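Protein chains: 2
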Amino acid sequence: MEHRTYPEYSSQYPLLLTTFMKRPVRLYPDDIGVVYRNHLTSEYFRFTWRQWYRRVSQLAHALEKKLGIAGASGGIGDRVGTMALNTHRHLELYYAVPCIGATLHPVNVRLSPEHVVYTIRHAQDKVIFVDDSVLPLLEGIYDQVKDTVRAFVYMSDKPGLPQTTIPDLLAYEELIAGEPEDYDWPWLSEDTNATLCYTTGTTGQPKGATFTHRQLYLLTLHVMATQAVVNTPDFDAQGGGNRLGENAVPMLNTPMFHIHGWGAPFLTVFSAQKIVLPGTFTVQGFCELVERERVTSVGIVPTIAAMLLDYKDFHKYDLGSLVRISIGGGALPLGLKTKLEKLMPNFRVSSGYGMTETAPTTVASFLKKHMVGWPKDRVDDVMVKTGLPLLGLDVEVVDEQGRPVPHDDRSVGEIVIRGPWVTQQYFRAPDRTGEVWRDGWFHTGDIAKVDTDGYIVIADRIKDVIRSGAEMVPTVLLENLIQMADFVLEATVVGVPDPTWGEVPLALVVLRPGFAASEQDIVDFLARHGVDSGKITRWMLPKRVAIVDEIPKTSVGKYNKKLVRDQIDRFLAVARDVAPARD
Amino acid sequence: MEHRTYPEYSSQYPLLLTTFMKRPVRLYPDDIGVVYRNHLTSEYFRFTWRQWYRRVSQLAHALEKKLGIAGASGGIGDRVGTMALNTHRHLELYYAVPCIGATLHPVNVRLSPEHVVYTIRHAQDKVIFVDDSVLPLLEGIYDQVKDTVRAFVYMSDKPGLPQTTIPDLLAYEELIAGEPEDYDWPWLSEDTNATLCYTTGTTGQPKGATFTHRQLYLLTLHVMATQAVVNTPDFDAQGGGNRLGENAVPMLNTPMFHIHGWGAPFLTVFSAQKIVLPGTFTVQGFCELVERERVTSVGIVPTIAAMLLDYKDFHKYDLGSLVRISIGGGALPLGLKTKLEKLMPNFRVSSGYGMTETAPTTVASFLKKHMVGWPKDRVDDVMVKTGLPLLGLDVEVVDEQGRPVPHDDRSVGEIVIRGPWVTQQYFRAPDRTGEVWRDGWFHTGDIAKVDTDGYIVIADRIKDVIRSGAEMVPTVLLENLIQMADFVLEATVVGVPDPTWGEVPLALVVLRPGFAASEQDIVDFLARHGVDSGKITRWMLPKRVAIVDEIPKTSVGKYNKKLVRDQIDRFLAVARDVAPARD
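Residue numbers (this note's numbering), protein chains in the order written: chain A, 1 to 583; chain B, 1 to 583.
In short, the hints are calculated from the structure, not lab data. Computed from a predicted model, the values in this text were never measured in an experiment. There may be inaccurate statements among the hints.
Pairs involving identical chains hold if they fit within one copy or between any two copies, as the list cannot separate such chains.
Under the rule of at most 25 Å between Cα atoms (straight-line distance), these lysine-lysine pairs were calculated in the DSS-like manner [to be verified]:
#, residue 1, residue 2
1, 22, 385
2, 339, 126
3, 342, 312
4, 312, 339
5, 368, 339
6, 369, 22
7, 22, 368
Could you put the whole structure together from the sequences, leaning on the hints where they help?
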């Protein structure tokens, strides 16, 4: 790699992940920067920033010299797959691989084995780094990927190698041991590809979204700029609880194989925050890490919130350091919300929106200036909306002719996005790229409305929307409303054939343990909280409701509507017709 | 200009000032965004963001159609000069000119008329926009620029045109009236030049530093990211006083013809903050604007602080909204600091460093994690240091071989910088560019030391450093120490010939009104507060001191050491020899 000097250097100083990595090492070399707790053994591993940086450098040397990984500058270099949980080693791979010009492919190990095989083969991963707890999955698919992948590296907190059917397995710690503790990082073109993230593939095969250094750098910088200026509910409330900055202690709860762990590996390192890695989520591990490491910030999904509240030893832990708990990935049931607010006084509802192709953050819920100081219930109403675009991102909701819909809280359209960190293209799939990139906009396939203040509210996926008569019934909007009932744990809505309307909505509902409700109660709740408040119209109400024990989900915990539709007879068998609503 | 679509659009979404301009218009169209007060008539002008945006659009149309200004995409378009104070019109020019692909040249009207002429001719400004109060200056130089500049536009709060010697003067308000209120802004290459800022030219002719859209965008984004993470003294102190975000009401006190008004025209617009423009600084205007507009944030120089404190009606105003007052552009005398802290409880000392070529922000004083919670005097000691680099910027202090000096608070070297917003080149001056850009670093010509925590402390300009025997005497360090004395208003140090040492330091000191001190008192103060605390060595103490009424200054208020040296006999005539120090 040629080192560039004046003049390119000055004008085109490249935006590289290398810059993120170097900052905490320079600023806080001897502070503990990375803490990892093994969720099975409860063992702790702590690294100063200098120690962590040395391991990243050693890994970079090993990748090049021992594994033959070749980087590119511009374009795309060799792909390196990870099948790993949230550990310090995964964080080391997040920097060593892209910073030598290669591409990191964090394999989503929660996909079906068939899809895991597909993504590894499609990415043409040359090497796979696999955690001990994920090894059985790899063993099961080894025969289907062995012609593509030429080396497998085993990552474990225990020394040595396991009994395995995989030949020539290498050990991570042995691989990096003895390598030089610094590395002369190349001045790559900022347009060098850095990561490859596959969609979950609910329709068809997963698609590989590509991201360059520039895109990930700009994602991170715009998230930080957004944090610097927007209003959140705890703003002004408790002495900077919101604006924690480098003193925050984030726990990376979202798997790092899900769309860059929602961006945390980049944001936290550049911010020089102490990073807490839990392997994978366990209730006890969560509580212990918060207490011991004084974790301040964590994002969780509603299911995990419910698990925490049901944990019998919850009260034994001091979770007082938590000043930012944000809930994402689904609407928060009202009962759960009330309970959380009682047990965790610092708890705040917030919402957001993103997808694999957007790296992922695009829209998040903030308060506009005139809402600062509003009472809590009104603030909460705003904060559960999908939100406003991040700084620097173009987001529109458009009709089928590509015209922005009126901001009237009623008209629906598709969300389209363009901006510095939207994926340019799917890897080796120009046709599928052409389907989403049209007229200069990335088409999300998500249906939303916009309120008079400009807040976007997700209404549905295009492919899930129910066509009832001449109208569209937005199912996600219905689901979120049903989930506000304190007797509801989960709810999804799909269309079922109807001789009069073409399709009508069927709601599948899982009740919260210890609560009782009838099918009619559910529609009545919807009428009271949805129709009467103007959030939906009466003709959108489900015509049938099925109370069930479980709703099929995808690998990332979303409702799997494709599977629901495939098994529709099973659900229709237990469904009951309901009246539009009792008065 | 061709509108680009997929695929370039997505991967290379350009970083343009256009994005900054559009944000507040989209988010807060009907909020007051820009407030300007005429400092002569006390008249107020208020604009909603929508109104301001319409005027920017109208100006863009007029620039192209009526003035024949042609933009570029990549490279550099026509130059448009401004000779203007801090008004809404100047802020309109800050966006309309670059966003059509032309280059804004804010003429520093405080330079000598000779240098003003030089910069206009060197920039080849096609049009000059001139404020009514600056018109006399333009009239004086008209004959020397009329062959370069083909149109002059007069900006005034009063309608019509003045009696003037300049033929064919156009009126700004008439020029933009009737133009369309929206503009189809081009998708420029982000490497299109946006601004041209001349240095003050203390040695030789001013040099024109060029900045592209990308560079100004990235300057702004990194400043915001820095604000999002670093610790400042008022952090945690008073409910988010520091993290004001979009609720801040900044007053732009620094002239917009000084290095982008320290970046404020970009930062405040993208942040959607209400912007307060005072024309030019007056004591009464300052107090009135703070009270009426509830100004929260302002940066001032020590001289202005002193003027405020001496203002007899100071106590009549409610300045309680001011939660961020930062002092820049010189060391703050201790007496002034104590008085400011008493009268303005929210006052905080802070320091920073930048120059024309760096757009300007590069280094600023923040607290490191372990300093949060330190007592005020220790915090103040940190905050008066020049500081730490902004996120994303490479800053080193190097010896003559280009090696980083040890971080021992003693070794001095030159500050070198590289990063996304350092100027690439001086306009039409490749030789002068080559003098500062060497070995991949921009050489600042500033001498500094680095303490054990990594804080940079400016010690001198290379050309001002005194060579005494085999040692270097850093004059800025001495000046800052002398100015800590409560009896000192201003102080500068230059070298004078000495038969034994080659050169020895001469200190010129202006006493504060109402204070008395002898030449020896000054050296004694230096010995006590500098030598005894280890900040300087005994042999650095001035050998001669002159107490004077005034020290010559440059157009930006810095000590003009060139002029001092030119007139050295006058100062030596009143200087007295001093003993190294009394015990």
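To see whether the hints hold, each was checked on the structure:
For the homomeric pair residue 22 and residue 385, the shortest alpha-carbon distance between copies (23 Å) is at most 25 Å, but the shortest distance inside one copy (37 Å) is not. In this assembly of identical chains, the alpha carbons of residue 339 and residue 126 never lie at most 25 Å apart, being 48 Å within a copy and 67 Å across copies at closest. Only within a single protomer do residue 342 and residue 312 lie at most 25 Å apart by alpha-carbon distance; the minimum there is 16 Å, versus 54 Å between protomers. Proximity of residue 312 and residue 339 under a CA criterion of 25 Å is satisfied intra-copy only: 15 Å inside one chain copy versus 58 Å between copies.
Taking the closest pair of Cα atoms, residue 368 and residue 339 never come within 25 Å of each other, the shortest separation being 27 Å inside a single copy and 38 Å across copies. With identical chains, the CA atoms of residue 369 and residue 22 are at most 25 Å apart between copies only, with a shortest distance of 17 Å across copies and 36 Å within one. For the identical chains of this complex, residue 22 and residue 368 are inter-copy neighbours only, at 17 Å across copies versus 35 Å inside a copy, given an alpha-carbon limit of 25 Å.
Of the hints listed earlier, those the structure fails to meet are numbers 2 and 5, in rising order.
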